[in-house]
Structure formats: C-alpha cells, structure tokens
Amino acid sequence: DAMVIQNPRYQVTQFGKPVTLSCSQTLNHNVMYWYQQKSSQAPKLLFHYYDKDFNNEADTPDNFQSRRPNTSFCFLDIRSPGLGDAAMYLCATSRDAGQQETQYFGPGTRLLVL
Amino acid sequence: SQQGEEDPQALSIQEGENATMNCSYKTSINNLQWYRQNSGRGLVHLILIRSNEREKHSGRLRVTLDTSKKSSSLLITASRAADTASYFCATVSLSAGQNFVFGPGTRLSVLP
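These protein sequence lines map, in sequence, to chains A and B. For the first sequence, the residue numbers in my numbering are 815 to 928. For the second sequence, the residue numbers in my numbering are 12 to 123.
Warning: the hint list may mix true and false statements.
A few chain A residues that don't get close to chain B, going by computed Cβ distances all over 10 Å [as the list claims (entries may be wrong)]: (1) GLN825; (2) THR827; (3) HIS843; (4) TYR863; (5) ASP865; (6) ARG881; (7) PRO883; (8) SER894; (9) GLY896; (10) LEU928.
Simulated restraints on C-beta separations [as the list claims (entries may be wrong)]: (11) ALA93/B / SER894/A: 39 to 45 Å; (12) ASN821/A / THR88/B: 36 to 42 Å; (13) ASP876/A / GLU66/B: 40 to 46 Å; (14) GLU871/A / LYS80/B: 24 to 30 Å; (15) ARG823/A / GLY27/B: 32 to 38 Å; (16) ARG61/B / LEU926/A: 39 to 45 Å; (17) SER50/B / VAL826/A: 16 to 22 Å; (18) ASN884/A / THR88/B: 42 to 48 Å.
Read the hints as simulated data drawn from the structure, not as lab findings. Here a beta-carbon is modelled for each residue, glycine too, at the ideal position from N, C-alpha and C.
Next up, chain B with everything else stripped away, as it sits in the complex (with noise of 0.2 Å):
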C-alpha cells in the first residue's frame, strides 16, 4: 500500500507568491524526507525531520510534521521560476524495512 501521499498533484503559482505541498501517510514512520526532481533527472534531498520534531527550516524551505494527523507539509516561500519541479515526500517505517516510500508528488510549477 502507498504510504505518503502528496497533495496538491499540481500546482501553479506566481514568482514570488508560496507554494505548500502537503503528505500524508498511514504507518508509524521514523523519519520523513522531502527530495526534489527537475524534469527528466533524479531526485535531490532537499530535508529529514525526524518524528520527534515539529518544524525545521532550510533557507526558503519549511516543513512541519504532525504524527498525530500523519502529515507532513512543504512550505517554500518566496518562490522562484528555478523551484519549478515535482516534489515528494518519502517515509522511512519500521514495517517498511528500512526503505523509502514515496508519494506520488506534486508537480510545482512557478511562473515568472
């Protein structure tokens, strides 16, 4: 079964305007990581946030976690017409063996 799920699937703003991207998913999870993929090349880690934490930052990037709801949300401010790619999130549970789970993702696109 699928463990993280994006939502939106797509979406589209303005430079300059932020862009929240939101994950779910349905096991216990240790960590969650957020990973970015320019069109046709592989994915680049953007953060971790362990199920300990709540927040964490990273320049434009903030993501939040909340265990309770089992989400997780992508926040960049201030975007750019370079943030344009699709972004996933990846859960790593116990029951998973250790492997990644990805979500479907959401195909950011910031228009200039």
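Isolated chain A (complex conformation) (with noise of 0.2 Å):
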C-alpha cells in the first residue's frame, strides 16, 4: 500500500547529541513536510521541500536542518538537541503544492531528549 513511512517511531538522544529522522514515501508526491508537534498542541510546519526546493518556516530555529536526496526520502536533521526539542515529528506528502491539495501524514517520530 502506498504510504508515509517514519523511522524510527521511537528515537532517543542526548542533549548535544545530532540526531536525524527519517521519512519516505511511496506516493510519488511532489510535496514533503516536516512537523514539530509537542504534546497537547497543533503540528507546527519546520519546512518543506517542492520538489528539490526548500522552504523554511521564519521561525524554524537553525538547530534544524531537512535533505530531500530524492522524491522517495526527506531527513530531518537536529545539530544540537536540547531538552525542548522533544517532541513527535510528522512527515506529511501532498501531490503538489496547490490550495486544494491534502496532506498525507505519517505515524510520527517521538524524540526523547536526555
């Protein structure tokens, strides 16, 4: 079945320690998202990539970093972890990027930061 897949769900660091998510997909979607949701709250878009074009959010700190090396693969890359970078992270796809598109979510990545 075609779909979003996040490994792993469960990732463990320590603080300092650069850690990266990964994500891919077999949708052939143009569109990649990374999502920071802490507990309680709404996701909260990092960035994106159209294609092979990135796009940060303006409040996304530099401590994150995201490489798309081809449309099947996004990483999501923490330099410096720090105990409030814990949190789930989703990837999400969209087969483009127009106003009429949905976003297609995978399971989450639950990072604990030690």
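Dock chain to chain to rebuild the complex, using the hints, since each chain is given by itself in its own frame.
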C-alpha cells in the first residue's frame, strides 16, 4: 500500500548529540513536509520541500535542517538537540502545492532528549 | 499568529451521542480541512470544504463553513468509542503561502 513511512517510531538522544529522523513515501508526491508537535498542541510546520526546492518557515530554529536526496526520502537533522526539542515529529506529503491539496501524514517519530 | 482555533479544547460524550467541534480562523481562506489524530499517531485527512461551499457530508461527518463569521464546525453523528481522538482544523490561506496552519485541536473522548 502506498504510504508515508517514518523511522524510527521512537528515538532517544542525548542533549547536544546530533540526531536524524527519516521519512519515506511511496506516493510519488512532489511535496514533503516536516512538522513538530508538542504534547497537546497543534502540529507546527518546520519546513517543506517542493520537489528539490527547500522552504524554511521563518521561525524554525537554525538547529533544524533537512535534506531531500530524492523524491522518496526526506530527512530531518537536529544538530544539537535541547530538552525543548523533545516532541513528536511528523512527516507529511502532498501531491502538489496547490491550495486544494490534502496532506498525507506518517505515524510520526517521538523524540526524547535526555 | 494562530490561524485556526478549535473549541471546545476537550469534549467528553457517551457513545451514540453527537459531537460538535468548532473552528475559528482569522484571515481569508481558500479552503478549510479537518484532520483526525489518534493518540501518538499521525494525522488523517477527514474532509475538505472550499470557501464557496457551506456544508459538506462524508458518512457520519458533517462540516459547515461560514466565511462571514470565519468559522467552521465538524459534527460527528452517532458517535462510537473508536471516534475517540483529537480533531484539528487546518486552513490554507494566501497569506500563509499555501501552507497549512493547524488549530490547537479538540480532544474528543467517546465513552462506551
């Protein structure tokens, strides 16, 4: 089945130790998104790729980076995780960037920072 | 600034009852979408309503949109325990660069 896959589902890292979260999709969608969701809050968009074009939200900290080596994969790199970065990280895709598009979400990766 | 805001923040009902959740937003929108999130999982798209539509149905779901009041409601009829989840509205506006802005969500608990 076509889907959005995130690995790992749970990630534990140490304060200041770089960590990479992975997302892959079999939908062949042009757009991939990364959201941060803290407990009992709405998902907050960090950045997205339209094909190879990277679009960073203005308030996304420099500590967060992303790579999209091909259509199927997108990575979220946290260079120096702080305790405040502990959250659920959601990857999503959409077929295009048009205003009528819906987003398809992966199951998320829950990050714990010790 | 936050675009969509849901109320109530939490709602607890008995199985079989109807659940109504509301969403308000601030800027002009192209469409409004509702998503569901089971605890610890990703979001699942439920329904999209365009700015020129007033009401839309999908199974037990009914969504209304009032652009004059900048508000939308999601009604779940004959609720089931499996409907227990958080429900988010998401708006797409030109000022947001076509990106979604999610409201804080309504946490629905359906008691058996």
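Against the structure, the hints come out as follows:
1. Separation of GLN825/A from chain B is adequate, the least Cβ-Cβ distance of about 14 Å exceeding the 10 Å criterion.
2. Its beta-carbon lying about 19 Å from the closest one in chain B, THR827/A satisfies the requirement of being farther than 10 Å from that chain.
3. With a minimum CB-CB distance of about 13 Å to chain B, HIS843/A clears the 10 Å threshold, and the non-interface call stands.
4. For TYR863/A, the shortest C-beta to C-beta distance to chain B comes to about 12 Å, beyond the 10 Å cut-off, and the non-interface label holds.
5. ASP865/A, annotated as away from the interface, keeps every beta carbon of chain B farther than 10 Å; the closest lies near 15 Å.
6. Under the 10 Å C-beta cut-off, the non-interface status given to ARG881/A relative to chain B holds; the minimum distance is some 20 Å.
7. With a cut of 10 Å on Cβ distances, PRO883/A stays outside the contact zone with chain B, its closest approach being about 22 Å.
8. Separation of SER894/A from chain B is adequate, the least Cβ-Cβ distance of about 26 Å exceeding the 10 Å criterion.
9. In this structure GLY896/A is separated from chain B by more than 10 Å, as the shortest Cβ-Cβ distance comes to about 22 Å.
10. Against the 10 Å criterion, LEU928/A stays outside the reach of chain B, whose nearest CB is about 20 Å from its own CB.
11. At about 41 Å, the beta-carbon gap between ALA93/B and SER894/A stays in the expected band of 39 to 45 Å.
12. Take ASN821/A and THR88/B: their Cβ atoms lie about 38 Å apart, and the range 36 to 42 Å holds.
13. A beta carbon spacing of about 45 Å between ASP876/A and GLU66/B agrees with the range 40 to 46 Å that was offered as a hint.
14. Under the hint 24 to 30 Å, the C-beta atoms of GLU871/A and LYS80/B, about 28 Å apart, fit the expected range.
15. Judged by the Cβ atoms, the range 32 to 38 Å given for ARG823/A and GLY27/B holds: they are separated by roughly 34 Å.
16. Checked against the hint of 39 to 45 Å, the pair ARG61/B and LEU926/A passes, with Cβ atoms roughly 40 Å apart.
17. Taking 16 to 22 Å as the suggested C-beta distance range, the pair SER50/B and VAL826/A conforms, at roughly 20 Å.
18. In this structure the hint that ASN884/A and THR88/B lie 42 to 48 Å apart at CB holds, the actual value being about 44 Å.
Hint compliance for this structure: every hint is met.
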